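J.: Here's the letter readout for the chains.
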Amino acid sequence: MRVGVVVFPGSNCDADCYRAIESFGVDVKYVWYQDRSLEGYDLVVLPGGFSYGDYLRAGAIARFAPIMDEVVEFAEAGGLVLGICNGFQILLECGLLPGAMLPNAVPRFRCDSVRLRVENALTPFTCLCHPGQVLSMPIAHAWGNYYADEDTLSELERRSQVVFRYVNEEGVPTPEANPNGSCHSIAGITTRRGNVLGMMPHPERACESLLGGTDGRWVFASAFEFLSGGVALGRLHLAGDGPRH
Amino acid sequence: MDDCIWREMGLATEEYERILDILGREPNLVELGMFAVMWSEHCSYKNSRALLGLLPTTGRRVIQGPGENAGVVDIGDGHAVVFKIESHNHPSAVEPYQGAATGVGGIIRDIFTMGARPIALLDALRFGPLSDARSRHLFAQVVAGIAGYGNSIGIPTVGGEVATHESFRESPLVNVMCVGVAPASAIKKAAARGPGNPVMVVGARTGRDGMHGATFASAELSPETVAKRSAVQVGDPFMEKLLLEACLELYELGDDVVIGIQDMGAAGLTCSSCEMASRGGVGMEIDVAKVPRREEGMTPYEVMLSESQERMLVAVKAGSEPEVERVFRKWGLEATVVGHVTDDGILRIRDGDVTVAEVPAKALTDMAPCYRREACEPEYFRREQARDLAEVPEPDDYAHVLMKLLASPRIASKEWVYSQYDHQVGTNTVVLPGRGTSVVRVPGTNKGLALTCDANSLYCYLDPWAGAAHAVAEAARNVAAAGAEPLGITDCLNFGNPEKPEVFWQFKRAVEGMAEAARALEIPVTGGNVSFYNESSKDGSSTVAVYPTPVVGMVGLIEDLSRVMTPGFKREGDIVAVLGRTHDEIGASEYLAEVHGIEGGSVPVVDLAAERAAIQLALALIRGGLLSSCHDLSEGGLAVALSEACILGGIGGGIGARVRLPGMMRPDRYLFSESGGRMLVSFHPSAAGEVQALAGRYGVPVNVLGEVGGSRLVIDDTGGTGGRARRVVDVPVSELSRVYRGAIAWALES
Chain U
1 MRVGVVVFPG SNCDADCYRA IESFGVDVKY VWYQDRSLEG YDLVVLPGGF SYGDYLRAGA
61 IARFAPIMDE VVEFAEAGGL VLGICNGFQI LLECGLLPGA MLPNAVPRFR CDSVRLRVEN
121 ALTPFTCLCH PGQVLSMPIA HAWGNYYADE DTLSELERRS QVVFRYVNEE GVPTPEANPN
181 GSCHSIAGIT TRRGNVLGMM PHPERACESL LGGTDGRWVF ASAFEFLSGG VALGRLHLAG
241 DGPRH
Chain P
1001 MDDCIWREMG LATEEYERIL DILGREPNLV ELGMFAVMWS EHCSYKNSRA LLGLLPTTGR
1061 RVIQGPGENA GVVDIGDGHA VVFKIESHNH PSAVEPYQGA ATGVGGIIRD IFTMGARPIA
1121 LLDALRFGPL SDARSRHLFA QVVAGIAGYG NSIGIPTVGG EVATHESFRE SPLVNVMCVG
1181 VAPASAIKKA AARGPGNPVM VVGARTGRDG MHGATFASAE LSPETVAKRS AVQVGDPFME
1241 KLLLEACLEL YELGDDVVIG IQDMGAAGLT CSSCEMASRG GVGMEIDVAK VPRREEGMTP
1301 YEVMLSESQE RMLVAVKAGS EPEVERVFRK WGLEATVVGH VTDDGILRIR DGDVTVAEVP
1361 AKALTDMAPC YRREACEPEY FRREQARDLA EVPEPDDYAH VLMKLLASPR IASKEWVYSQ
1421 YDHQVGTNTV VLPGRGTSVV RVPGTNKGLA LTCDANSLYC YLDPWAGAAH AVAEAARNVA
1481 AAGAEPLGIT DCLNFGNPEK PEVFWQFKRA VEGMAEAARA LEIPVTGGNV SFYNESSKDG
1541 SSTVAVYPTP VVGMVGLIED LSRVMTPGFK REGDIVAVLG RTHDEIGASE YLAEVHGIEG
1601 GSVPVVDLAA ERAAIQLALA LIRGGLLSSC HDLSEGGLAV ALSEACILGG IGGGIGARVR
1661 LPGMMRPDRY LFSESGGRML VSFHPSAAGE VQALAGRYGV PVNVLGEVGG SRLVIDDTGG
1721 TGGRARRVVD VPVSELSRVY RGAIAWALES
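From first to last, the protein sequence lines are chains U and P. Each residue of the first sequence is one higher than the last, beginning at 1 in my numbering. Each residue of the second sequence is one higher than the last, beginning at 1001 in my numbering.
Isolated chain P (complex conformation) (with noise of 0.2 angstroms):
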C-alpha cells in the first residue's frame, strides 16, 4: 500500500507495520481507516495511557472510575453522580461556535448513556489575549455557541472559569464539563453482551460531517488542517434533546432490555462498535447498507468514519427491538438494527452481502501503541526557580492596583458570559453562577452538590507539577468555601505536541502533581480526557504549544442544602479573617503579571497537608453552623478576596469591611500572595471563641484581620514592629463592583 495513504490518516510507518503484524495481511482502506481513527491520540491516548495509571481511582464512594462514558460516585440514599469533561479544542479552532456547541452535544451523551439525567453544565475555556479582534471573535463565538446548545437542550450551565493569554491566540481550550443524577442500581455500561442480541443505532441520521474528527484532533493546527474544517461537526440540539428523552425513557423499559449503550462520538460507528464489543469481550457484525443516512452515495468508509452528532449505538435484549423502536418513534427518532452481537471477538462490517472490514475488536481498542515518550526539562524551568523576586518595587497606589486586578479577566466577574447561559433550567440551581462555587440541589432531596473547575495556566507552565498540584486543591477549597466534602475529580489535560521531550515533560509533572495531590486529598479521579497537539503556527514555521492546562474539574456533596455557604460577607460587625498561613511569595502571581510585566517567578509552596487541613476546617466550621461566609483564596491573593467578599455581600448591593494587616511583610506581599491553604471568613463575634478552638483542633493559624461594616473596603497597614501605620487601601465598594462587573464586557465591546 503507498505510504502516503497511512500516513495522510495520521498512522505512522510503525503503527502501520503494527497492523500488517496484528491481520497477518494488508488492511483494506476501510480497515486502515478504522485502524488510523482509533490509534490516533484522541481515541487511544496512545501517548497518556502509561502516565494516567499514576492517579488513583479507587474510594469508598467510586462506583465506576475510568475506562467507561463517564465516572460515577455514590452520594448515599441510593443516588449517583455521573461526571465527565472534555475539551473540544480543535473544532474550535477553526469552528467556534460548532466547535463549542458540539462539545457541549458530546459531554450530554457522555452523561446520560451512563443512565444519568444531566442536571448541570461548567465550562474551562482559555483564549489569546482580549486587545486581539480574533481573539475576542473566538471567545464570542464559543460562548454563544456553549449557550446555543445548552440553552436550547435545557440543561444548565452553573459555572467554569475563563483566562487569557499569549499562548492560547491560535489554540484557544474549550473544555466542557456535564454532571448527572441517577439511581445508584441503574447505572448503565457501554459492554456488548450476549452473541445473537441485535445491534441497533438510534437517532440522527448519518452523514458525511466530521469525517476524521478524531485524527484531526491529533495533530497541530496549521493552514492545512485548518483546511479539513469539514472536519467539524454540526450540532442540533433539539435533536440531542428528543435524543435523551427518549434514552432516558428507554431505560425505564427495564433494567434488561438495554444491554450495553454507547454514544457516537469521535471515530463514530467504529468507536462505538468495537469499544462495545471489546468492553464485552464479544464480537460484532455491523451492516453498514441498514445503518440510516442523510446522504446519498455513501460509501461504506464514510459510513464507519463519519462523527455525524447525536447517535447513539445500543445492543439490546434479541425480542425487545419492537418496544425500543415504540420508544424511540414516540420522540421522532429512528431505531434500526444495524447487526448484532458475535462470539467470535470480530468487528465484521458488511455492506449488503460484502464483507468489508473484519478485524479483533480488541486490536483497535486494546492493541493499540502505547508509547513512552522522551520527557525533558525545558531550560526555563530552573531559571524561573532560581528567580530573584525581592527587587519588585512596591506600588505607590495600592487601589490601582486592586482595580487593575479586578479588571483582569481571570478575575472580572464572568457576567457577560455566563448571562447567555441559561443556568436556572430544571429549577435546581442552588448557588447562581458569580454569586460562589455554584451549587446545584440533586433532585427531589435536600443534597446538593457543588461543582468547580479549575487551572492555572501559568502556574502549570512555570512548574507543571505543583501547577497541577494546586489546581487539585484550589478545587477542592472551592467547593468547601460552600460547604461540600469532595466526592470526586475529573481531570481534562491540554497540552501541546507530546512528541516534543519538552511539552512530554511538563504532560509527565503535570499528572504526577496532580496524583500526588489526589492522593493527599483523598480524592479520587473517577475519569478524563486528555487533548494533545494544542499547537499552531500561523505561517507553517515552528509552532507554539499552549501553557499546560490541566483542568480539574470537581464535584462535592453537602448534606445538607440549608448549610449551603457563599463568600459574600453578611452582616455588619461580623469579624473578618483569614485561615491559613500566608507566605511572603510572590512568583507566579496575577499581581507580579498583570502589575509588574513579569509572568515568572517560582509558584506557590505547595503544602497539602496545609491543604487537606484547611479544608477539613471549613467543613467542619460550615456544619457546626458557626461562619457567615467563606471564600477560598487563589488569584489575587487576600485582596482580591476581600474585595469579592464585599462586592457580593449584603443583600445583593455590597457591604464594607475594615481590615488591619499585621505587618509581617510588606503589604503587597501579604495582600497579593497567593499562598495555598487559606480561606478568607467571617462569622458573628460570638462564635470566635470556637473557630479559634476548631482551628487549633485543625492546626490551622487564623488571622482576625477586622470587621464588616460600612460601604468601603478599608485596609490599614500597622507597620509590624518599628514599621509606620498607614491606610494602603479605601475605597467605595460599588466603585470595586463597578471595575470587577464591567471589565470583560468593556474588553470584549469596545
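Extracted from the complex, chain U is given alone in its bound form (with noise of 0.2 angstroms):
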C-alpha cells in the first residue's frame, strides 16, 4: 500500500498529512504538483493550505497544476482521494465534488476544535467507524462555508454523500455548532462511489493524544483497512441507493 501527498506550492499541511500517515507504519511519498504520474499509489491526499497562496478563490489556480489531470484520472478509475481543507477546495474547483466554499458566514478565519458526526460509516474513509459516531478534530479556514443549490443538496442527501456534519455535544446539528455556515452543516462529502472525501477538518491534526487527540486517526485507519482489503468491497455504499443512518 503506498499513498502520496501531493505537494502545491503553498501547501503547508503537507508534511503533517506526511508524519500522521507515516504514524500508521504505511510507506507514504510526497508528489510533486508538476509529476504527470500516480502510478503505484492506493491513495492520493490532497493537503490543506493556501496553494497558490490561495490566490483568485481557494483552489481555484491548484486545479490547473499538472498533477491534478492524473488526480481526476485516478479518482475516475477508483482510486481513492481526500482533499483535506484546501484540498477539499481543490477537489470543489476541479469538479470531482459539486458545490462550491463561501467565505464563513462570520467572514474571519476560524481556528478551533468541532465535532463531526459520521453519518455515512460505509464509505472506504469511515468504514471502521459507527453511524452517528461523534469525532472531535480541529478546524482552520476562512473559506469553509460549504454551498450547494437545493437539488444538488437533496441528492448529496438522498445518496448518502454526506460523511461528515458539524454537531453539538448531544450530536446534534445546530447553528451554534456550525462553524461556517455551511449548507446542512456539512463538513465532508463523498462523491457517489464514496472513493473521494473531501472535508473541512483536520484528521491530521488530531491523531496524537499529546497534541489533545487522536479521532483523526480514524479517517486514514479506515482508508487503510479498505485498502488492504480487510473491509468487503460490496459492504460499502458505492452507488446511490438512499440515505442510511
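Hints are computed from structural coordinates only; laboratory data are not their basis. Possibly wrong hints are sitting among the right ones.
Calculated cross-link-like contacts (lysine to aspartate or glutamate; reagent style DMTMM-like; alpha-carbon spacing at most 20 angstroms) [as the list claims (entries may be wrong)]:
| no. | chain 1 | residue 1 | chain 2 | residue 2 |
| --- | --- | --- | --- | --- |
| 1 | U | Lys29 | P | Glu1249 |
| 2 | P | Lys1330 | U | Asp35 |
| 3 | P | Lys1508 | P | Glu1302 |
| 4 | P | Lys1570 | P | Glu1735 |
| 5 | P | Lys1046 | P | Glu1017 |
| 6 | P | Lys1447 | U | Glu208 |
| 7 | P | Lys1290 | P | Glu1302 |
| 8 | P | Lys1290 | P | Asp1351 |
| 9 | P | Lys1404 | P | Glu1594 |
Predicted model only: the values in this text are computed from it and were never measured.
Both chains are given apart, each in its own frame, so use the hints to dock them into the complex.
T.: Set out below in C-alpha cells:
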C-alpha cells in the first residue's frame, strides 16, 4: 500500500499529513505538483494550506496544476482521494465533488476544535466508524462555508454522500455548532462511489494524544483497512441507494 | 549640497558633516540615501547601542548572541533554537493590515536566514482604548494582517499578549516574535567572504514599495509622515512560503554552497549588502542593472533603497550558481547574480558600466554615529513613588470587582484574537493559546519549547527600572510554570522620542532593570530590536509618547513533554496553595486602575532572589511530578489567577475551588496585590509533605488556601486575629468563564 501526499506551491499541511500517515507504518511519498503520474499509489491526499496563495479563490489555480489531470483520472478509475481543507476546496474547483465554498458566515479565519458526526459509515474513509459516531477534530479556515443549490443538496443527502456534519455535544447539528455556516452543517462529502472524500476539518491534526486527540486516526485507519482488503468492497455503499443512518 | 536634502532624508547636519569627513568629498544622491537609511535609528541603533551593552548576552547554551539576524541557543542533542522579536509599529499605525503582515514576514525571514525552519510565532500588541472606534479598527486590522500572513505561510501563531491604553491611541505597538529550530551545526551567518564569490538576489522582484521605510520608522508620526504611506511595504505570504522552502532546500546542498545570507528588510539591498560585507571584513560590488525589477524605469537610488518584501541576498561559492538557480527555479523563483565579493572593503554600486556609489562598507555600519542622549528623571516619577494609597476604600462587592478585572482587555481571554490564527499547523502545538503558557514540540523529539512575551506598560511608565525587571521575571515565571527552564530572551524595546531627556531616562532605566533581572536570573539576551519615536500628534502640536514598553520574549526548554504543566485545576480534592510571599501592595495594579481609576502608585517591589527561588521551586515540583497545576501570578493577582485556574480547569468545562484567605491583610489587598515571585499551584493531598519540604529547601513560603472542588469559586476571609470571618466571593465558574471569554468580542463588536 502506498500513499501520495501532493505538494502544491503553498501547501502547508503536507508534512503534517505525511507524518500522520507515517505513524500508521504505511509507505508514504510526497508527489510534486508538476509530476505526471500517480502509478503505484493507492491513496492520494490533497493537503491543506494556501495553494498558490489562495489567490483568485481558494483552490482555483491549483486545479490547473499538472498533477490534477492525474488526480482526476485516478479518481475516475476508482482510486481513493482525500482532500483536506484546501484539498477539499481544490476537489470542488476541479469538479470531482459538487458545490462551492463561500467565506465563513462570520467572515474571519477560524481555528478551533469542532465535533463531527459520522453520517455515512459505509465509505472507505469511515468504514471503521459506526454511524452517528461523534469525532472531535480541529478546523482552520476562512472559506469553509460549503454551498450547493437545493437540488444538489437533496441529491447529496439522498445518496448518503454527506459523510460528516458539524454537531454539538449532544451530537445534534445546530447553527451554533456549525463553525462556518455551511449548508446542512456539511463538513465533508464524497463522490457517489465514495472513493473521493473532501472535508474541511483536519484529521491529520488529531492523530496524537499529546496534541489533544486521536479521532483523526479513524479516517486514516478506515482508508488503510479498506485498502488492505480488511473491509469487503460489497459491504460499502458505492452507488446511490438512499440514506442510511 | 542643499541642506534640505539630507534633512528630508532624516539626517542631522552634524551627521552630514561626518559623512563628508569619512568620504573626504560630498556624497552623491545615491550615497546620501544609503547613509540616510543605514544611519537611521532603525538600522544603526545610534541612540541605543551604548546602553544595550549592559545586557548580559552570554551563557553556556548561547551559540549566537546579538549581531546576527537572530539569537541561537543550544538545546542539546544537536538541536538549536533560533528566535527573535521585532517591531512593526510605524507601518501598522498608518496601514494596519499590511504593516502587521509585513512585520510577520520580516521576522520569519530573520529566522530562516539563520538556517532554521520557523515553527512558531507570537505577537505583543498595544492599542488605544477599545471604546475608541479607530482603536478597534486598528486592533481588528492588525489581527487580520497577522492572520493573513502567518496562516498562509503555515507557521502557527501560538501566543502573545494584548493590552490597551490611551497612550497607544495614535501609536499602536505591533511586535512579532518568531522561533525556529535547526541542527546546531547548520546555523547560517550573514557574512560575505571570499573575494570573487558571486552575490545573488533571490526571491521577489524589486519595486518601488517601501522606499525609505527605515527612515519613516525613525520619526514621530504626524500628518506629514502619515502622507508617506508609500513607505509601507506590501506583503506576499505565498512568495515568502516559496522563498522559505527554497532557502531550506538550498542549505541542504551542503555547508559550503551558501557563504552568507541575509534577508532584505529595512533599507533593502543597501542594508543587506553593506552589513554582509562589513561582517565579513570584505567589500562588495553590485550592479543594479542586473537586479530583477517589477517596475520600469527605476533609478539606481530606488533599487538600492526599495524595501520590497520577500527578497534575500546570498553570497555563494563560485561555481555553484547553476545549482542555486536550479533550487530556486524548482520553487518558481528567480536567483540572479548581481555582483561579487571584493577584497577592498568598499561597497561599490554600478549601473552597468557607470559607478553610482562607492562607500566603505563599514562607513555605513560600524561608523554610524552613536549618541549618549541626555536622560532626565521626569517629575511624575517621585510623585508616584510617594503616592499614599492607604485611603483607597475597600470594595463592597468583591464579585463585581472580580468580574470587572476578568473583563479588562489585558486580562480577558484573547480567544477572539487567537481563534483567527492557525495555531496548530505543523502539528507540534502541545499547549494551545488560551490554555496556559504556549508550548510547542521540537519537531522529531520529545522536547518542548515554552514561549511567552511579556511587558506591563503601566509598570514601565511608573518605574521603568522595576517595570522592565518585572517583565523579565514574569516571562521567566510563565515559562517555568509550564515546566520549562528559561533559555534566553529576545527583547523589543518600544519607546518615544529618545531626543527627549525624559523618554531617554525611561529607556536607560528600563535597559538597566532588564539587565539586572536577566543577570540575576541568569537568562541571556540573545538579540532584539529597539523601536523609538513611538509618538504622535494628531494636529501637529505637541506629541504624546507611548508608555514605555520593553517586551520580553522568552524561550524555555522542557526536556520531557510528558511533564508539561498547565494552569487549570485538574482534580476535586486537590490542595490549592500559593508559593511565594504576598505583600500589602496595590500600586500600579490592574485593580487600582480598573476599579479605582488610579493609574499610579509604586510598582510591586522587585525581589530577584525571591523570583529565582520561586522559579527553581516550580521547576523542581513539576519535574518531581508533584503538581496538578501551576499558574504564575501577575496582573489581577491571586483573584484572577484563581479564576483562570477554575475556568481552564476540569475537562474543558471548568471546575470550582474553595479558598480561605489567611487574614494577614485587607482582602482586596491580598486578592489583588501583584507581588512578584509567586505561583498558584494545586496538588494531591498526599504530595503535601513533599511540596512543603521542597519549598523549605528553596526558602519559599507556602500558603495553603483551600481545595479544588464544586462548580463555584468561593473565597472566604478568615479575618485574621480578632477579625470578622466573612465570605467575599461566591460565583459560579460558568459565570466567570462567560465574562472572561466574552469580554474582548463584546468590546470590539458591540
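J.: Please flag the earlier hints that this structure goes against, numbers listed from lowest up.
T.: 3
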